[in-house]
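Chains as they are written, first to last, in this note's numbering: chain A, 1 to 264; chain B, 1 to 255.
These aren't lab readings, by the way, just hints derived from the structure by calculation.
Any given hint could be a false lead.
Result set (EDC-like, lysine to aspartate or glutamate): computed pairs, CA atoms no more than 16 Å apart in a straight line [unchecked claim]:
#, chain 1, residue 1, chain 2, residue 2
1, B, K221, B, E77
2, B, K62, A, D214
3, B, K81, A, E103
4, B, K223, B, D238
5, A, K180, B, D31
6, A, K179, B, E109
Computed Cβ-Cβ distance ranges for the label pairs, DEER-style [to be verified]:
#, chain 1, residue 1, chain 2, residue 2, range
7, A, R157, B, F72, 48 to 58 Å
8, B, N140, A, L23, 36 to 46 Å
9, B, N79, A, R107, 53 to 63 Å
10, A, R157, B, Q39, 24 to 34 Å
We put the CB at the ideal spot given by N, CA and C, even for glycine.
Chain by chain, the residues run as shown.
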Amino acid sequence: MAYEQVKVETPLVLRILPVASILLFFGVWQAVVELKIVPNTMLGSPTQVMALFWEKLFEANPDGAVLTTHAYISIIEAFTGFFLSLIVGVPLGLLMGWFALAEGLARPIFELIRPIPPVAWIPLTIFWFGIGIPGKVFIIWLSGIVPCVINSYVGVRMTSPTLIQMARTYGATDWDIFKKICIPSALPMVFGAMTISQAYCWTTLVGAEYLAADQGLGYLITMGRRLAMPTMVLLGMICVGLTGVAIGIIIERIEKRLLAGIRR
Amino acid sequence: MNATVEAAENRRVKIEVKDLTKSFGNLLVLDDISFNVAQGEFLSIVGPTGCGKTTFLNALSKLIPTTKGNIFIDGEEANPKKHNISFVFQEPTCMPWRTVRDNVAYGMEVKGFSKARLEERLRYILDLVGLTTTADLYPNQVSSSMEQRIAVARAFAVDPDLLLMDEPYGQLDVKLRYYLEDELVSLWKALKSTVIFVTHNIEEAVYVAERILVLSNKPTKIKAEVKVDLPRPRSLIDPKFVEIRKQVTELIRWW
Ligand SMILES: Nc1ncnc2c1ncn2[C@@H]1O[C@H](COP(=O)(O)OP(=O)(O)OP(=O)(O)O)[C@@H](O)[C@H]1O
Ligand SMILES: [Mg+2]
Chain A
1 MAYEQVKVET PLVLRILPVA SILLFFGVWQ AVVELKIVPN TMLGSPTQVM ALFWEKLFEA
61 NPDGAVLTTH AYISIIEAFT GFFLSLIVGV PLGLLMGWFA LAEGLARPIF ELIRPIPPVA
121 WIPLTIFWFG IGIPGKVFII WLSGIVPCVI NSYVGVRMTS PTLIQMARTY GATDWDIFKK
181 ICIPSALPMV FGAMTISQAY CWTTLVGAEY LAADQGLGYL ITMGRRLAMP TMVLLGMICV
241 GLTGVAIGII IERIEKRLLA GIRR
Chain B
1 MNATVEAAEN RRVKIEVKDL TKSFGNLLVL DDISFNVAQG EFLSIVGPTG CGKTTFLNAL
61 SKLIPTTKGN IFIDGEEANP KKHNISFVFQ EPTCMPWRTV RDNVAYGMEV KGFSKARLEE
121 RLRYILDLVG LTTTADLYPN QVSSSMEQRI AVARAFAVDP DLLLMDEPYG QLDVKLRYYL
181 EDELVSLWKA LKSTVIFVTH NIEEAVYVAE RILVLSNKPT KIKAEVKVDL PRPRSLIDPK
241 FVEIRKQVTE LIRWW
């Protein structure tokens with residue numbers, strides 16, 4: 001029967017500590033800028049970033065779009081790339097794990113492409129797609145697909161050999177075994193790939209936008225540099241970080257839901 | 001002997017093992033083994049550790065190719081895709097993502113049972129092995145002895161031509177083992193399957209089987225055949241039981 005979750009009380013000190021640490025961080029940062037230890041041309045203070053945040057919610061200039069538009073574009077790009085990498089990478093990895101033919105065909109190419117950092121594709125991508133959304137989706141897809149393929153492959157490979165033998169003695173075909181034994185057994189690994197892949201996609205997104213874009217959070221950072229506005233650079237960075245964290249939490253929730261459905 | 005169970009020699013030959021030989025490289029494990037199993041017979045195989053009992057079952061179920069010789073079921077070469085062969089492995093083989101019910105149904109799904117027949121048979125088998133109340137739980141929610149019962153139920157459910165069991169109760173405590181052995185015997189009686197039961201445990205072999213094949217050390221041959229012509233339910237302290245047990249023990253004294 002279901003086990004009772006054992007609840008352990010976290011001591012008060014341990015609960016306060018993270019809050020204190022963050023407050024200290026921002027406090028020191030504010031002080032460093034206010035006291036001109038670092039000149040304002042090199043670093044904006046937290047309060048300046050907050051002020052710019054409010055302003056950028058309604059004001060499109062100087063970079064051409066309001067903050068929510070930048071975030072929206074980035075999220076759309078990241079998710080399109082992410083979903084495409086799931087759709088292609090997971091089946092590919094699963095098939096490679098079970099069928100020698102699929103592994104023989106796809107693995108050498110995969111191993112060849114894998115060590116190339118996705119941002120190295122940017123110049124070619126600009127030739128092929130220009131600086132619009134499709135090019136960035138392509139690069140994001142390239143980075144997201146790697147963990148999808150690897151995790152799905154490993155997941156199938158880790159299928160219990162006894163279960164496979166058991167299925168064989170009943171006369172199951174290779175395809176039967178793949179469908180009913182290997183895939184369910186690989187699912188936890190596949191869901192694990194979602195979290196990793198999502199993180200890769202988001203990281204690559206900023207790189208892609210940094211070099212080739214006219215909208216998006218990465219572009220905001222580029223514009224901050226061009227306009228010599230460190231505060232805008234910081235705002236871009238913080239937005240990238242916070243949005244990434246938010247997406248990560250959502251994906252993790254989804255993953256837990258899905259996993260709870262197949263493993264109790 | 002039980003009136004409903006005919007003496008084995010009067011029954012039709014179900015399984016023929018002819019000149020079964022298996023070597024791994026230079027290591028000769030099974031050396032030219034031949035024997036028959038009658039329709040509905042309960043045959044036990046005992047032999048020393050590492051003599052090739054698992055190899056033997058793997059060859060019978062076609063999990064591994066044989067070096068020489070063959071296995072015939074109803075006069076035809078054994079083929080898992082055509083014949084109903086079930087295998088209960090030494091370790092539990094439950095799929096953690098399936099409920100107890102769906103685990104038991106797996107073999108029938110593979111065999112392509114119709115939905116109606118599958119449902120009916122499932123209900124019957126679950127009831128027979130007393131898994132009805134736990135049918136909707138997942139394997140990790142039941143005890144590990146239950147997992148072995150699930151595997152046994154799954155094996156019987158497909159109405160196998162040949163049921164192979166590789167020390168299925170080796171890891172269980174004595175009390176539970178007795179209980180499951182009784183359950184196994186009554187399943188076998190109810191479903192009239194042909195069973196080959198491999199074990200280390202001489203007492204267990206004498207308790208469940210109609211006939212015992214004693215294997216030698218590698219290269220493995222059949223050293224002796226012992227008939228167990230005792231009424232059921234059998235008693236472990238019945239003098240005749242003890243006598244047969246001693247006889248088998250004598251045969252493999254050098255363990
Ligand atoms: N795939 C293999 N390759 C090489 N040798 C093997 C292989 N499988 C089994 N053997 C050898 O064959 C012999 C028989 O092994 P097997 O597992 O069949 O013994 P067993 O009688 O089932 O032993 P146990 O009682 O411990 O279960 C052993 O000596 C083993 O080393
Ligand atoms: Mg063995």
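Hints, one by one, checked against the model:
no. : hint                        : in the structure
1   : B:K221 to B:E77             : 22 Å, violated
2   : B:K62 to A:D214             : 64 Å, violated
3   : B:K81 to A:E103             : 26 Å, violated
4   : B:K223 to B:D238            : 26 Å, violated
5   : A:K180 to B:D31             : 37 Å, violated
6   : A:K179 to B:E109            : 13 Å, holds
7   : A:R157 to B:F72: 48 to 58 Å : 36 Å, violated
8   : B:N140 to A:L23: 36 to 46 Å : 44 Å, holds
9   : B:N79 to A:R107: 53 to 63 Å : 32 Å, violated
10  : A:R157 to B:Q39: 24 to 34 Å : 41 Å, violated
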